[in-house]
Each structure stands twice: as structure tokens, then as C-alpha cells.
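Single-letter residue listing:
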Amino acid sequence: MAEEPAKEAWFDETWTKVHPLSPLVRGWVTIVAIPAAFFAYNWEMWSNLWTAWRTGQLVENVQSNPLPYLIGGGLFLALALLIFVGFTLSWWFTRYKITEEHVMVKSGIFVRQHRQARIDRVQAVDLRQPLLARIARLAELRFEVAEGDGTAATLAFLRKREAERLRTEIMDRAAGRLPARGITPEGTPPPDPSNSASLNVGNSDDSEAISNIPRPSATESTELPGPADSPIPAAVPDRQITRVPIWRLIASMICGPGGVIVVFVAGIYVTYLGLTTALVWFSGEQDASMVMEVGLQPAVGIPILLGAVVGFWGQLTGGWNFTATMTQAGLRLKYGLTTTNTQTVPPGRVQGIQIQQGLLWRPFGWYKVIVTVAGYGLDSRTTLLPVGTAGDVMRLTAEMFPDLRVERPEQVFMAGLQGSGANRGFTEVPARAALFDPLVRRRRGFFTTPSALLIRDGWMTRRLTMVPHERIQSTALQQGPLARWRNVATLHIHLPAGPITALAKNQDLEHIRHLFTQETAYAAVARRLTDRNQWMLPEELAEFEKNVAEAVEKLDDAVVSSAP
Amino acid sequence: MLHSEAIDPAGVEWTRVDEKYITVKYITGIGGWLVTFAIVGVPLLLSWTGIWVDFPLWLQVLVIGGLGLWAAVDLALVPRRVRAIGYHERADDLLIRRGLLWQRVVAVPYGRLQYVDIEAGPIMRKLGLCTVQLKTASAATDATIPGAVRSEGARLRDELAARGQARLAGL
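These protein sequences, in sequence, are chains L and D. Counting from 1, one number per residue, gives the positions in the first sequence under this note's numbering. Counting from 565, one number per residue, gives the positions in the second sequence under this note's numbering.
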């Protein structure tokens, strides 16, 4: 690896360097932390040095005994040089390249890393701007890919404008709206298709072989009306779906679980302080020592409060200035207090959606929306809306989720959010199994529409989980001995890793068996259809939806005729 | 043929795993219980030899008796538990069931398969068995067929892989 030819193959001119300030933006903590630690560690020495400097004694000291000062100064310089060289090398060895097929990133000085993401498999593109990057007008691009375990390729950092342009182009290509032409760094002319192969000269990895093979999607895109090399189709104007006012965010945090804990702990504190003061007041000074001893106990509350503060901070940064805009590449979420995040979630990548409402949010009619997108895992990016009204939620769901294809979608929706009992098509836990779910019984149920499965749950915190049938990975029907005794069973819907668990608990056996049959049959329909990677190609989407509709119709007849 | 349980889909004839898997389960089960008894036995031994505190007799009897009964029931159920494992290949998905008291039927669509794993520990290898494991994009899928004969395992893997390729639906 360290030999000369291998080094040449590692990257060539076709690889673009990231912005020179990137290591600084990423590693500023080192720059601040090392000197800070240095100073803090022997604070006394530095202050002595400072007084010596002020009194002019320093010059004498240096003249009489220069060695320690030389060593100290030399060490300091060496450290600075080391950091500088490290940053420069790390910048030099970080390069990216965007080919017809892949986004490729190479990094690492000693341990080298090569990340590549297939563009047509890109699930979502995020643009992040930490505080320092915001000052320097830089941005980080993250690509979430559905392959493997969903590790992301990160380009950090680019000029913000360049990052935005790349994002648009890559999202367009992932969505199939742009023909698969080479994306070039700003400033260089787009390559002629005939010599695009020459781009890969000297590139020793197997991407060369791959990128020279025409992709099926590339041929598909030529079937589009209009010439294949036409520019981006007339841009659809961006529509703002919703924004979260800061007062609502803060109010929702106070009414959220964190707020409740803080109020609870604070209540205990106040009661306690009151009691101890009263005790001192009435019993006099001599018992004060005893009171003081007990008085240490409120310290127990401090970790809880600290935890709440950390949680609050997360909520605050995650929801600050939150706006959701529908662009032609997908839903664009923008938020952040110190770090500005811009993430784009294509509707076709949403595996499941969950709407939640805590007890104290009910009077205000607020909801939170979370999604499962492959690659996002469990992190904070899964929040589609930190707090919004029913109207916000409905508009958002309409954009991000397939049409429910029922008579009155709003009513079904509201029944899922607020309703209870077996009405509007929702089931409930049968009365004979009430002892398993005494409180949540009438809220726990499911509803199937031709396009999605809706599961509602939760007595205090209401939840409505919606999963498109064609996104379900696998289904499992489970029954324990007690459930068998009451003739109920639980259906688990398996989704890719994410914050949403979809399960219909303790449902009537006949209902749930029917649902199991139905879901497995829907899954069968979905997988007979073509891969929907390029989810926004209008013709493809229309074709797909037509096929689904036809297949589902046939299926519904079959399922209905086999229904109990 | 398996007796059809309440949650089994209608009209499904389960393929049972090999009877030899009972032996495997006996060996691993007995091994597990021996370890449990060894761990529980340490304080008791210390107590008997007088090094550690004296446990009252009723506690000793209760612990040993309770564990013994549990072990006996657990081991006695092994054959039935193994016979409760079944799988069935349908046109578009594979059904796997398991469990006596806590039953589970999972349906894994072929199009969702990411890969099929075959593994076999030393005991399984000795008896010519293997475990077929199906992976989808969801970690919750948990679809395994333990104790298939090795040739059947290989056949299943190839068959599933082929069907998965043919019906790949992406994510």
C-alpha cells in the first residue's frame, strides 16, 4: 500500500479536494482543548510567568538560565507544527469523486478509507453546518445509502453553494429525474460522454469496471419525453409545509416528558426546602446540624435535572427554527440552533411513519411525527416534525405517505389519532382479553386501507403508526399461552432499523389471522413489481401505482372471498 | 405432519426439521442446566463446608427442588419443542413456525431476503445438521430454521437465493 505505484492509484487529478479549512472546522476542539489543557494543568506556573513578564524579571531569568524556556518554547512550537502538519495531511488525503454511478470519498493518512455510495441507492442527503462551518460558509454533505448496514458517505467540508448544488444534482439523479450524466465539480466543463471513460484512468478499484457498464436506469431515462440531455425539468416551486414557532417548541418541551420530570423534581425540592426551613424555624438552632445533614439529600435531584437539561438541549437544537419545505427532491427539513441541519427525505424512502401525542399535548392539539428511513437508524434525524398541529401533520403525511385510498382519509386519520373503540374500521382488543390491556384496550387496534396498514395504540401517549404495505419486510404472528386462553394474538410488522416498532397487540384471532394473510399477500404483490429505486420518475411512479392498484384489486377479491 | 395450531395459516403443511436435532437440543440443554447447577451449587457448597453463612434448610430444598423441577420439565419438552419447528415454502414467501407455549409464525417474502446464512456448530456438524438463517433489512425478522439436514439446508439456501434474486423488490 505504501509503495509508489499504489500511492498513484490512490487518487489522481479527477479526485477533488475538500475545502482547505475543513480540518480546522472539524478539529477546532483539538486546537482549543490542547492549549486549554496545557494552561489549566499548570496554571500557577503561567501566572508566575505572567507576573515575571510584568515586572521585567523574565528577561533576567531567561538570560541567567535559558534552557527551560527554550525547551518549553520548542515544545510549544513542535505541538503547533504537529497539529498544523496533521491538519494539512488530513486535508491533502481527503478527496472525493462523483462518477456516473457513485459518490466516492477517500480519507485517512495512515489507515486509509474508501467509502462509496451508489447514487441510485441514495436514501437521503443531509447538509450539516456546525457553528464554525456556518461562519466559514462551509457545509458537510452526508449520503445515506440503503446498501449494507447503512453507513453514510460524508463529504466534509465544501463551500455551501457547491454543497447545495451537488445535493440537488444527486437527489435529482437518485430520483431518476436527471439522466445519469457525470456530475462535475463547479467550474470544470461537463465531460463529453464519449470520453467519460477516461475519467477513470488510473483508478485501480473496481468502480472503473462498473461505471463503464451502462446502467439500466440510464437507458430508461432516454425513454423520457424530450431529449435525454435536456436540463433539469421546469423546477416545481418549493412549498413550505410548516414551520415550528419557537414559543410552541418551548411550550411543547415544558409539557413533554422532560418538563414533567423537572416539575416533579422541582416540586420535591421546594417542599423539602419549605419543610427544612420550617423545622429550623420551630426547633431552633441546635437541630440545624441534623437538618443540614439531611439537607444534602436534594443533591440526588441534580443528576436528574442535568439529564433533563441535556434532553432539553437536544430538543431545542433539534427543533429550533424548524421548517419543512416540499421541494422537487423531497421533503427538506431545516433546523438547528448552533449547528444548522438541512436534510432531504424523499417520500419514496419512508418505510414507516408514526404520529405521537403526549398527555399534556392533548389540550393544545400538538403532535410529533417520526419516520423510519433506512440508514437513519435511531438518531435525531428521524424526527419529521418535532411539534405541530393536526393540520401540519396531515399536510406532512399527505406529502410523505402514499394516499390512504379510503373514502374520508381525514376522518380515518383523526380516528387513528384520537378515536377509540371499534368504529371507523379500527379494531380493538376484544373484551375477553381486557385483563391484558385494561386501560389501552379500546385504543389498541389496526385498520387496513388499500395502500397502508394503520396501527393505533397508547392510552396516555397516543400513537398512530402507518406503514405502506409494500414496505413491510416480514411479518410474524405470535401467541403466548395466556393469549391462547383468551383467543387473541399479536402481529409484528418488521421494518428496517429505526425508531418505529409496528405491532398490533392482543387482537382477535380471526381478525389478526386475516390481517396476516392479507399482509403476506400484499407483500407478494409488491415484490412482483419492479424495483422502485428511482421513485420520482413520473412515468415509473404512475406505472407502479397502477400496477399496485390492479394487483390489490385482484387481491382484495381473493382475500375477501377467503375472509372468515 | 404437524398438528395445526391456532395461529397457523390455513392450508399449510409444515415441513419438520430432522429428528436428530432433538439430540442436539438435549446436549445443549443438559449442558446449560449443568452450568446453572454449578453456579447455584457454589454458595451451597460453601455453606455446607461452613466457610460461608448457613442457609436455612427450607431455602436449600426450595432452590434445588425448584430448579430440578424446572430442568426436568424443560428437558422433557425438548422433543415436542423440536417437533413444533416447521417451515413451508410458498409461492412468494417462506413461513417458519416455532414454539409450544409461545408460538410464532413468521412470513419472510423472498423479495426481501438480503442473504441466507448457513451455520453449524461442532455438534450439529457431527450429526450432519445445520441452521439456515434468513436476513432481511429488518433486524427483527429473526427467521431461522435450526436443525435442517445439511443437504436440505444447502438446497434451501440456493432455492431462496434464486427466488430472492428473481423477486427482488429492493427496500
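Please keep in mind that the hints were generated in silico from the structure rather than gathered at the bench. Treat the numbers as computed from the prediction; the structure is a model and nothing was measured. The beta-carbon is built from N, C-alpha and C at its ideal position, and this holds for glycine as well. It is possible that some hints are incorrect.
Some chain D residues judged to face chain L by a derived CB distance under 8 Å, without partners named [said to hold, decoys possible]:
1. Ile-571
2. Gly-630
3. Leu-631
4. Gly-632
5. Ala-636
6. Ala-640
7. Gln-667
8. Arg-668
9. Val-670
10. Lys-699
11. Thr-700
12. Ser-702
13. Thr-705
14. Ala-707
15. Pro-710
Listed next, with one range per pair, are the computed distances between beta-carbon atoms [unchecked claim]:
16. D:Gly-632 with L:Val-270: 50 to 56 Å
17. D:Val-576 with L:Thr-461: 34 to 40 Å
18. L:Leu-378 with D:Ile-687: 34 to 40 Å
19. L:Thr-277 with D:Ala-602: 32 to 38 Å
20. D:Ile-603 with L:Val-309: 49 to 55 Å
21. D:Leu-664 with L:Gln-418: 53 to 59 Å
22. D:Ala-655 with L:Ala-422: 47 to 53 Å
23. D:Glu-723 with L:Arg-134: 38 to 44 Å
Hint check:
1. Ile-571: holds, 5 Å
2. Gly-630: violated, 20 Å
3. Leu-631: violated, 21 Å
4. Gly-632: violated, 22 Å
5. Ala-636: violated, 19 Å
6. Ala-640: violated, 17 Å
7. Gln-667: Status holds, d = 5 Å.
8. Arg-668: Hint holds; D:Arg-668 Cβ to chain L Cβ min 5 Å, cut 8 Å.
9. Val-670: holds, 4 Å
10. Lys-699: violated, 10 Å
11. Thr-700: With a minimum Cβ separation of about 4 Å from chain L (threshold 8 Å), the hint on D:Thr-700 holds.
12. Ser-702: Since chain L brings a Cβ to about 4 Å from D:Ser-702, closer than 8 Å, the hint holds.
13. Thr-705: D:Thr-705 check passes; min Cβ-Cβ to chain L is 5 Å, inside 8 Å.
14. Ala-707: holds, 7 Å
15. Pro-710: violated, 16 Å
16. D:Gly-632 with L:Val-270: 50 to 56 Å: Holds: the Cβ-Cβ distance is about 55 Å, inside 50 to 56 Å.
17. D:Val-576 with L:Thr-461: 34 to 40 Å: holds, 38 Å
18. L:Leu-378 with D:Ile-687: 34 to 40 Å: The hinted range 34 to 40 Å holds for L:Leu-378 and D:Ile-687, with Cβ atoms some 37 Å apart.
19. L:Thr-277 with D:Ala-602: 32 to 38 Å: violated, 58 Å
20. D:Ile-603 with L:Val-309: 49 to 55 Å: violated, 42 Å
21. D:Leu-664 with L:Gln-418: 53 to 59 Å: About 40 Å separates the Cβ atoms of D:Leu-664 and L:Gln-418, which means 53 to 59 Å is violated.
22. D:Ala-655 with L:Ala-422: 47 to 53 Å: The hint (47 to 53 Å, Cβ to Cβ) is violated, given that D:Ala-655 and L:Ala-422 are roughly 33 Å apart.
23. D:Glu-723 with L:Arg-134: 38 to 44 Å: violated, 55 Å
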